[in-house]
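A.B. asks: Starting from the structure of chain A, add chain B with the ligands where the hints point.
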Amino acid sequence: MTQTNTAPLARYRTMRRIRSFEERVGELFLRGASAGSMLHLSIGEEAVVGVTAAMTEGDSFTTHHRGHGVFIGRGADPARMMAEIAGKEAGYCRGKGGSMHIADRALGHLGANAIVGGGIPHIVGAGLTYRNLRSGQVSVAFFGDGAMQQGILYESMNMAALWHLPVLFCCINNQYGMGTRVDRSAGKLAFSERAEAFGLTGARVDGTNVEAVHQVATALVAGARAGQPGYIEIDAYRFYGHARMDKSPYRDPEEEAEGRLRDPVVTARARLAVAGLADEADLARIDAEAATEMDAALEYAVEAVAPPLASMFEDVYAPGTAQPRPQRDRLAAILSEGSRA
Amino acid sequence: MSAFETTYREAIRQALLDAMQADPDIILIGEEVGLYGGAYGVTKGLIELYGAERVIDAPISEPGIVGVAVGAAMTGLRPVAELMYVDFVGLVMDQLANQAAKSRYMFGGQIGVPMVLRTQGGTGRSAAAQHSQSLEAWMLHVPGLRLVMPATVNDAYHLLREALRQPDPVVVIEHKGLYTMKGVLDVDTPDGEWGQPVIRRAGTDVTILSYSRMLHESLAAAEVLAGQGVQADVIDLRCLNPLDDTMIFESVRRTGRAMVVTEAALTGSVASEIAARIGEACFDWLEEPVLRIGGEDIPIPVSPALERGAIPSAALIAEAGLWLVKREAPAWAP
Ligand SMILES: Cc1ncc(C[n+]2csc(CCOP(=O)(O)OP(=O)(O)O)c2C)c(N)n1
Ligand SMILES: [Mg+2]
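Quick note, the sequences are listed as chains A and B, same order.
For what it's worth, UniProt numbering labels the leading residue of the first sequence as 1, then goes sequentially.
For what it's worth, UniProt numbering labels the leading residue of the second sequence as 1, then goes sequentially.
Take these hints with a grain of salt, some might be off.
Claimed, not checked - Output of the computed footprint for chain A on chain B, the stretches with three or more beta carbons under 8 Å from beta carbons of chain A:
no., region
1, 34–45
2, 48–61
3, 121–131
4, 293–301
5, 306–315
Source of the hints: derived by calculation from the structure; they are not laboratory data.
By construction, the Cβ of each residue, glycine as well, lies at the ideal position given by its N, Cα and C atoms.
Pulled out of the complex, with its shape left as it was, chain A reads as follows:
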């Protein structure tokens, strides 16, 4: 695929849209319209667009609980995402899953996961499918640095390497798992060496530089497609609390201020201007369009209707098979049949 110089601008637009979206998720919560407070914003991690842009149509992926940005990078409709985060019928999962469980088969999203590491082996399974079907597709797992300490990751890496599967492991290292900084959760921080020890191609990239991420990811995705699985680590910083309620009291304010200077969106914007790929007016227009789009997504989600109560019984099992029996039906049957009058 040839690289046109409009691509960096498109990547900037996606990053800005992610930032705007996440800000609106915060607003949704403040307006009391979100389903709960377990909302994990990916602000500061927008360079993941370098990876999502290296994937092509038909490629699949799973994400961790902080996956809004990844999905927008893969073409999500922000209105349907926001509606899901609000627990509405119009959401991607009909209000069943919420922020931590968004999925969309059509766009290759095999599911966001609230179990740290839970979605990682699924991409290895997807890789197995693509190998056997010789379909040429690639599957990518997105996860945090916290998942680097889960055993399932290493079982997955080993199988991917052993069977030469078309998969990529993408660790978004934002330096924290909840309140634990990464140097308090691992004895050795050179995570890409772990991947290499299993036989993957490993790389670590500066998370403020979306173009660098994109360049490395493009090579790794191509390698994966050819049967050499890879690992890419995006070195980023979690700008805000772990979830919406967390104010990160455990972080040194100075460290936090410095971390927030490592802003991939601001950096990309400045680089585009310097490289002459866009002028301030172009960039301001992109920013304004993103804001308008995400305002609309927010309003859409707030206005959308809640799922009907009876829908809670749907999709536990496939339609047309035996379904769960609602409690009131069971009790009503006992009340009438069981009565000895």
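C.D. replies: Chain B with the ligands only, in chain A's frame:
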């Protein structure tokens, strides 16, 4: 004066604090238990008091955390491993069910595993399908494990203290919806003996058996029933293993009517087990079938309205009670 008002959360913290003070072999190990103070704030300040050797912040490695606790328990420490959500128990089930629970037996009584696994479950925060479950039945089904689920502030303290005196592994499942609940803690006087249920409200017409947060829905239902002239005997099971069922049978034989209330998905639940025991032991005394009121047999949906609808309410419990005692059919009945 040893009785004072506090919260469920503070009572658990106090139990950990007092136990660690009394027994230097007790350690805490889990994710975010130290500097962060626990995902729900239960262990706040303990690392400052007891240091990082006894309050151990572990990586996100649940099977490792529980397995390490098993090994430490085998060799002389008394670990309290924390699982941030009971939903993660799937990850640790081997260490819990195949290792901790079976060592004493497999090794002919030589190697006990005196550890506590603290965790929390339940709905109420739109935390969705992987952070809202009530999985106590999984653990009740494993011989070798003990299991307690406190519903009151006093029990939150005493059941944990007692768990830390047991020679075998004890799972303590707290409820995320109870942490801010206030009540009286009397550090000298437990609500009841280890293994014994407690009657939380005395009545003669129907026995309502429950535990954890559903005890409070059951008590609210009993209040509604009282307004209709129906007196419910409300029993808090609190210790699911060991569980002495004598008091349960006495109550049911008095009232002739029983229902068991749980927040967990009903099929294969603790409520099913208790109902079966009542059916076996109280058959001749029963005026009506033993009713089980539980969570719907579905994963927990994120949408707040659906989430509330997925678990029993005081209204439903009261409706079932009125039917059992007065044959008053609820509006939704045929
Ligand atoms: C198996 C499991 N253990 C613990 C948790 C609780 N938890 C949720 S997110 C999180 C931190 C994850 O950190 P990381 O993987 O770095 O992702 P980040 O939140 O930084 O994006 C923890 C401990 C969980 N959801 N699942
Ligand atoms: Mg992280």
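A.B. asks: Compare the structure with the hints numbered earlier in the document and write down the numbers of the violated ones, lowest to highest.
C.D. replies: Of the numbered hints, all hold.
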